[in-house]
Amino acid sequence: MNLTAIAAIYRFEMARFFRTLTQSLVSPVISTALYFVVFGAAIGGRMGAVEGVSYGAFIVPGLIMLTVMTQATSNASFGIYFPKFIGTIYELLSAPISFIEVVIGYVGAAATKALIIGLIILGTSYFFVDITIAHPMAMIAFLLLTCISFALLGFIIGIWAGNFEQLQLIPLLVITPLVFLGGSFYSTTMLPPVWQTITLFNPVHYLISGFRWAFFDQADVPVGISLFAIALFTGICIAAIAWIFRTGWRIRQ
Amino acid sequence: MSAIVTVTDLRKSYAGGFEALSGVNLDILDGEILALLGPNGAGKTTLISTICGITVPTSGSITVGGHDTQTAYRKARDLIGLVPQEINLEPFETVINTVRFSRGVFGKPRNDALIEQILKDLSLWDKKDNKIMMLSGGMKRRVLIAKALSHEPRVLFLDEPTAGVDVELRKDMWEVVARLKENGVTIILTTHYIEEAEAIADRIGVISKGQILLVEDKAALMARMGQKQLKINLTAPVSAIPDSLAAYNLAAEGATLTYTYDTKGERTGITALLNDLQKAGLQMADIETQQSSLEDIFVGLVKEDA
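If you read the sequences in order, they're chains D and G.
Quick note on my numbering: the first sequence kicks off at 204 and runs consecutively.
Quick note on my numbering: the second sequence kicks off at 13 and runs consecutively.
Worth flagging that the hints you see were computed from the coordinates, not collected in a lab.
Please note that the accuracy of each hint is not assured.
[Claimed, not checked] Where chain G lies over chain D, by a calculated footprint (3+ residues, C-beta under 8 angstroms):
#	stretch
1	210-220
2	279-291
3	358-371
A quick note: this is a predicted structure, and the numbers were derived from the prediction, not measured.
Note that CB positions come from ideal geometry on N, CA and C, so glycine has one too.
Extracted from the complex, chain D is given alone in its bound form (with noise of 0.2 angstroms):
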């Protein structure tokens, strides 16, 4: 293991996130408070309490995800298709170094900026609503476990994506309705019985329900359930990449 190689990459792919720090933590902040404006304050306040949690604290696990899962996928994907699409992955393949340390590398700073802003976002809920977290530690799990598997997913689409285009295509068509719909901003409780059945099928909604879960001791699926839907997925991830690399596909001729 090249633990030097790791680092370096890591380190030039944090400096890429403080020099842009406007676009990759602003950005983000800003859209969040705005959901808190909009749903917390303005809807929020129509409306009664999600089982016995006010609307307001309610949505703050699923706003954290919905930014985490986006921005640990987009950093992940653009941090690999860059040097792909400016010629310096040259030099990441000419190197002494193997799959391992590059997505260790790739993916740890990807994962590192959306922990990052995850946290940032769930400081900011606390100048709009009151939050208890019940289970810190189950919390901070989740939160580790999601940033790093949607880096992994992000990393793929990364290596796959042939253009900007396509680059924007899975964060878009995928990631955000299946966020939006696992749950994010409603218990699944609420819905009727055959978008109940449909929902078990959302991968996210799995994780969304671990991390409210980790807030407020409450959950649509058990936890343990929750865990295995998170490690399957990192497992799906992680064994993609390792064939990828293999194969050099899409990256070595």
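Fit chain G to the known structure of chain D by using the hints.
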């Protein structure tokens, strides 16, 4: 000298069926400067990319410093530096961070003194905090070289390093190359420019259509080049060379006498020959001289292959 890079029966076919390398065998000697000449699409870049690990060979093997590039890729790539043909750089990062990144990715611990020296050698030190996108094309090429040198390679590949480069940078580059050679670094460069190969290489290889046509000592090639031929057309054919001209290195074919001489010799013997021809009573209709340049050799080889 022993070989530091050994390429054995290397083949590379792309998905479309195009064979970029068709059975390349090449020994690159430790500490030499090898110039690879070849027309566009000859396979120069594919050969370099395959040695460096960017392209996977279809068959055949490559060792670098005795390490197989497939099975012991870490040890093999550890020794290699690559300056690519295209200017591939992260535009938003600063010069120094980009160069430091290269050293890190190759697993070498941070060494600011070394990076400073490399940047100074390439006249980049005062630009170290500039973003890459602010630099001119020539400066960017210098950054590419700095990146390749940052991890102290023992074998350096320069893929058409002087394409679109001004005189000053070319001069700087050859100074750096000469210094690297003094330190025992093996250098392989590809080029279209024959003068460039002449000026700097120890050996010259010619590649065309995915095959190495020739690898020869530059001195031997130059010796061939130094030969000049004087063709003398006579008014009437001669059956044999007269005895009085036997001392000259002459070949007769019909009405044409061919005299081969060395332009670098102290005397070419042309004046004496012409005098003796007159004495022998041979009438000259025309004379012409021909020189086989490296370019002729090169063009001849590539054409023959076609």
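Any hints this thing doesn't respect? Which numbers, in order?
3
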